[in-house]
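Going left to right, the sequence shown walks through residues -25 to -1, 1 to 143 as mature numbering (1 follows the signal peptide of the UniProt record, and there is no 0) numbers them.
No lab work stands behind these hints: they were computed from the structure. All values derive from a computational prediction rather than experimental measurement. Note that beta-carbon positions come from the ideal geometry of N, C-alpha and C, so glycine has one too. Relax, there's no trap hidden among the hints.
For lysine-lysine, the following DSS-like pairs were computed, each having C-alpha atoms within a straight-line distance of at most 25 Å:
(1) Lys115 / Lys65
(2) Lys115 / Lys105
(3) Lys65 / Lys24
(4) Lys7 / Lys68
(5) Lys6 / Lys76
(6) Lys7 / Lys105
(7) Lys68 / Lys6
(8) Lys115 / Lys24
(9) Lys105 / Lys87
(10) Lys87 / Lys16
(11) Lys75 / Lys87
(12) Lys76 / Lys24
(13) Lys126 / Lys16
(14) Lys65 / Lys6
(15) Lys87 / Lys65
(16) Lys115 / Lys6
(17) Lys7 / Lys115
(18) Lys115 / Lys75
(19) Lys76 / Lys87
(20) Lys105 / Lys65
Here are the simulated distance ranges between beta carbons:
(21) Lys75 / Asn10: 24 to 30 Å
(22) Met94 / Leu143: 35 to 41 Å
(23) Gly86 / Val5: 25 to 31 Å
(24) Pro4 / Lys87: 26 to 32 Å
(25) Asn96 / Met17: 22 to 28 Å
(26) Ser51 / Asn93: 28 to 34 Å
(27) Gly25 / Pro70: 19 to 25 Å
(28) Thr33 / Thr61: 29 to 35 Å
(29) Leu11 / Ala113: 16 to 22 Å
(30) Gly104 / Gln9: 20 to 26 Å
(31) Gly114 / Ser14: 30 to 36 Å
(32) Leu143 / Pro103: 17 to 23 Å
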Amino acid sequence: MINIKKLSYRFLLTGLLMPAGYAFSQTSPVKKIQNLNASDKMVYFNLEKGTEVSEADTAKTGWDISFQHTGVIIQSAGEGQIVSETTFDKVDKAPSSGYKKGNQAVPWGSGKGWYAYNMDNHQITPIPGKVIFIHTAAGKYYKLVIDSYYKDGPDGASGNYTFRYSAL
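Make a model of the complete structure from these sequences and hints.
In structure tokens, the structure reads:
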């Protein structure tokens, strides 16, 4: 027979020993995508599956985010935003407001969105402290940070995104 009094005491003690804000949930794994080539065409990506979506399947809203050159677009049935002055690792929940649709979610242009353009060496560099949040058409939230715009590092071909993302 289960002793309810002892069981209640154990749950109470466990609760007292847990740090504030602790949740009994598994942290979503961080997925890393390397060298997604968006240099010459729009590339559509499904965050839940972690895969590119063929252009033929884009009408079915099977994609969440797309990339082309330096442009980042959130699927129009979803919404997104870019947040400054934080880091990917610090973020544990999505903002409750401030989302925009489609190509309005992540501003385009040097210093306006996720990157800065250096006129001296003509390099595109991700701006530290910028995290993109995506609220998908399926109702899921993700955080995403762009780590590189060049294939295998700064000396590689441009338009090849390396990024990390995780469900929230």
